[in-house]
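Given the structure of chain A, go ahead and fit chain B onto it with the hints provided.
Residue numbers (my numbering), protein chains in the order written: chain A, 1 to 391; chain B, 1001 to 1287.
These aren't lab readings, by the way, just hints derived from the structure by calculation. Treat the hints with care, as some may be off.
Stated by the list, open to error - Calculated lysine to any residue pairs in the SDA-like style (CA-CA distance at most 25 Å, straight line):
#, chain 1, residue 1, chain 2, residue 2
1, A, K244, B, F1142
2, A, K295, B, G1112
3, A, K84, A, Q202
4, B, K1053, A, P298
5, A, K248, B, Q1125
6, B, K1219, A, I358
7, A, K164, B, I1257
8, B, K1219, A, G173
9, A, K367, B, V1120
10, B, K1219, A, I176
11, B, K1219, A, A79
12, A, K164, B, F1134
13, A, K248, B, L1124
14, A, K367, A, G241
15, A, K164, A, Q202
Residues per chain, in single letters:
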Amino acid sequence: MIARIFVRVGVAALALGACVASEALAQQPLKIGFIEPMTGQFASTGKQVAAAVKLYLAEHGDVVAGRKIEVLVRDDANAPETTKRYAQELVANDHVEILAGFGLTPLAFAAAPIATAAKTPMIVMSAGTFVIPQKSPYIIRTAFALPQNTAPIAMWAPKHGIKKVYTMVTDYGPGIDSETTFKNVFKANGGEIVGEVRVPQQNPDYAPFVQRAKDAKPDALFVFCPSGEGAAVMKQFAERGLAKAGIKLIGPGDVTDDDILDSMGDPAIGTITSQHYSADHPSAENKAYVAAFEKANPGMRPNFMSVGGWDGMELVYEVLKKTNGSAEGDKFIAAAKGMSWMSPRGKITVDPKTRDIIQNVYIREVKRVNGHLFNVEFDTIPAVRPDGTTE
Amino acid sequence: MLTVLFDGVAYGALLFLLAIGLSITLGIMNFVNLAHGAFAMLGGYVAVVMLNKWGIPFLYCLPVAFIMPALVGVALERTLYARLYDANPLDQVLFTIGIVFASMAGASYFMGAQHQIIQVPRFLQGQFHVFTGFDVGVYRLFLIGFCGVITLLLHLALMKTRFGSRLRAAVDNGRIARGLGINVNRLFAISFGVGSGLAGLAGALGIEILDVDPVFPIKFLIYFMIVVAVGGTGTVGGPLAAALILGIFDVAGKYYISQVGAFIIYAVMVAMLIWRPYGLFGRKAAR
Chain A
1 MIARIFVRVG VAALALGACV ASEALAQQPL KIGFIEPMTG QFASTGKQVA AAVKLYLAEH
61 GDVVAGRKIE VLVRDDANAP ETTKRYAQEL VANDHVEILA GFGLTPLAFA AAPIATAAKT
121 PMIVMSAGTF VIPQKSPYII RTAFALPQNT APIAMWAPKH GIKKVYTMVT DYGPGIDSET
181 TFKNVFKANG GEIVGEVRVP QQNPDYAPFV QRAKDAKPDA LFVFCPSGEG AAVMKQFAER
241 GLAKAGIKLI GPGDVTDDDI LDSMGDPAIG TITSQHYSAD HPSAENKAYV AAFEKANPGM
301 RPNFMSVGGW DGMELVYEVL KKTNGSAEGD KFIAAAKGMS WMSPRGKITV DPKTRDIIQN
361 VYIREVKRVN GHLFNVEFDT IPAVRPDGTT E
Chain B
1001 MLTVLFDGVA YGALLFLLAI GLSITLGIMN FVNLAHGAFA MLGGYVAVVM LNKWGIPFLY
1061 CLPVAFIMPA LVGVALERTL YARLYDANPL DQVLFTIGIV FASMAGASYF MGAQHQIIQV
1121 PRFLQGQFHV FTGFDVGVYR LFLIGFCGVI TLLLHLALMK TRFGSRLRAA VDNGRIARGL
1181 GINVNRLFAI SFGVGSGLAG LAGALGIEIL DVDPVFPIKF LIYFMIVVAV GGTGTVGGPL
1241 AAALILGIFD VAGKYYISQV GAFIIYAVMV AMLIWRPYGL FGRKAAR
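With the rest of the complex left out, here is chain B:
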């Protein structure tokens, strides 16, 4: 029982890391970015190449798995995404789904279509026994801890720093924020980069549990969307709560009622959206 709960929390933590970047772009910039998974996949492949080809230790791969997608994210944001901020959502969807397909084709071309397998360091492998009915997977514990730290950092950055308050101002009312001399474009570029970087980081952390292959951006798109839809956008707490609930229900559903387990999360999503149409802690859209 507790093992299942624990696995669920770990899975939720991973989902949160994967989706928080999308919550930023969708919530803060109002941009329907379906290509979010492509950045996660990029992070995953960065880690695979560093680990398997160059033999760099896993923990050192993680910062690079953050930085690379973040840089690519900023570059794409400045060159392509920025042109579509004022476009209607359909154009944004078409554009970003195009990026998804391009990234999938690119990944198959350069990395091959197979699943990528990595070996995490020995101290992160295995499971230890706490008491009967409660076994803790070391890697999953590491994931939960990591996710906790990231959440705290994000929260502090958003609530306690000057950057955070500017960003919140820009979200609430971009025109007035601009009028007050806040460089909204730069804010958006940085946020986009951080969101993409976090996705990449999660992609790298997730290889051990989810695998990474060229269909990754499509395979997990639905999960990102659920987390953002249920959690509401623009906050840290909402997506976190949503991701944890979904993770726990998904794992528990598969464990206890395996035959229909895969559908549980959709049922949960529908129920929560009926209960809270704007997301868990959501407000009505400002714009």
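Just chain A, with the same shape it has in the complex:
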């Protein structure tokens, strides 16, 4: 559906281009190859990011620095080999000048060698494992890194009466990143890990893992799970009465993903997480963003994945203005380094050293606001680096 709309935008752009052929000759349209999982278990990520990209084009027009922007959407359904094939096709056959998207870590890994070989800028809009930008000198990340989102909660917890923590993470790149960061930072701040478990990615029932955590009697259960899995964790947390036993739920914000938070119901209330974005973020930029997003996508609330897409497009537009419309790999990356702007999530900067993102991370608590559940921010850690340290 979204793909079809993009195609239509593309067709319209082409038709428009034909009308002003004399000018268009000088500047070819600039194609962006956008690859995300649009179907399957992680479709929520692809849909959020695609919606934000589409919204950005609608609000800012599809011409920048004299070049028409065309976004070619491809659905890799969370299969790395498919991501790789699409990246190849897009670069070789469709002559895209920028690759973008990449919903999960393995997908970003699969495409990185192609970005390197073709010297094509590759904008990672969603995947969160720390090492991703090191996989190619042409990667820039506008999403987030798991250590960045995890360290703040690990620092916050020991100062607020949470001394003993049980960790439960999904057993893949970002989960392990998150677990490692949490353990190191939490211990350095005087906390104690009373138990840990890595849940397999294909896991039908969280009950035994959560029960084990409860029996270890921690002050809090630290959870990382991929965007979309949070509801199942929350159910077991509620059914096994961990809240009643005085155990808090903490983690990076993936578990209380805005996309599904409202449907989790009352058990989610009181969960404390740290993350770079909440739809409830009280800034004028964000209010405008949320309103426009919800108007364009009825029934959908923008989540932390969507801002990665929005800011990825902002990056493309700003860089093209600087380079006079050139997306030539080395030029593009050089221009992007150190760039800084106001995002719906607050001020963000492309780290000139790592090509990763430096951004504010917020500590939030799930509360009911006007009848709906939101992550309500109550503390800000400004300018957190991807590895979780601050300046």
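Quick look at chain B alone, frame taken from chain A:
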């Protein structure tokens, strides 16, 4: 300890409900029906739509979650499955895996790819404390009770009714049963419908614990297969015992040795198949 055992039994009960239909089709009709999970998913989505879109109470959704997949099952059995009864197993596998993919694409198209979340009624939520080390989840207790009733009904239907004895006759020797005037085709259609309906019912009951999303038929296929392989086909007791053993080992494994917990059930399956290659109470295949 007892909590873990209890959770295991509840999980096993759910697995049993999910897989018993497959045990019927595979065991009684000798049909390799990999699309079994699609019927379970259909039941799950029926409950989701009724509950979340129309606000119908959970318990009223359950009969519909049985009937709808049962009807769809009968329709498919008459139009498509019946043509492949005499085909070789590879054709059956290809055909049913095709149904799996079609059902997954259909589910994403109509319902979206996200996990579906439901709220069960308040009286089925929470956990009550029996004594130290033994907490009972209300919903899981409900599952065990429900499963017990279904098992009893199935057993009685199979062993004490005329329908049951005809069915057993048809399984033992279809040609002679036909010769005696038993309408084997109708028997098979009804059994297929009941099996699909039970899967749908289990799909609806399982949303609270397993979630339902478009990859459901593939995600749980391996579990159905294990239950049927270990339990043997064509009986009620075999799959029940197998499902309970698997449920308990799976939950206990994840609880006690979390790092390798997910592999325990495969180890159990291998061990049991070495010990009893034809299933727990299995006989050598009649055909």
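Against the structure, the hints:
1. A:K244 with B:F1142: Answer holds: K244 of chain A to F1142 of chain B is near 22 Å, not above 25 Å.
2. A:K295 with B:G1112: holds, 19 Å
3. A:K84 with A:Q202: The given pair, whose Cα atoms are some 23 Å apart, holds under the 25 Å limit.
4. B:K1053 with A:P298: Between K1053 of chain B and P298 of chain A the Cα gap is close to 16 Å, so the pair holds against 25 Å.
5. A:K248 with B:Q1125: holds, 19 Å
6. B:K1219 with A:I358: The given pair, whose Cα atoms are some 38 Å apart, is violated under the 25 Å limit.
7. A:K164 with B:I1257: Holds, because 21 Å separates the two Cα atoms, which is no more than 25 Å.
8. B:K1219 with A:G173: holds, 21 Å
9. A:K367 with B:V1120: holds, 22 Å
10. B:K1219 with A:I176: holds, 23 Å
11. B:K1219 with A:A79: holds, 16 Å
12. A:K164 with B:F1134: Distance ~23 Å between K164 of chain A and F1134 of chain B Cα, so the pair holds.
13. A:K248 with B:L1124: holds, 23 Å
14. A:K367 with A:G241: holds, 19 Å
15. A:K164 with A:Q202: Roughly 28 Å separates the two Cα atoms, so the pair is violated.
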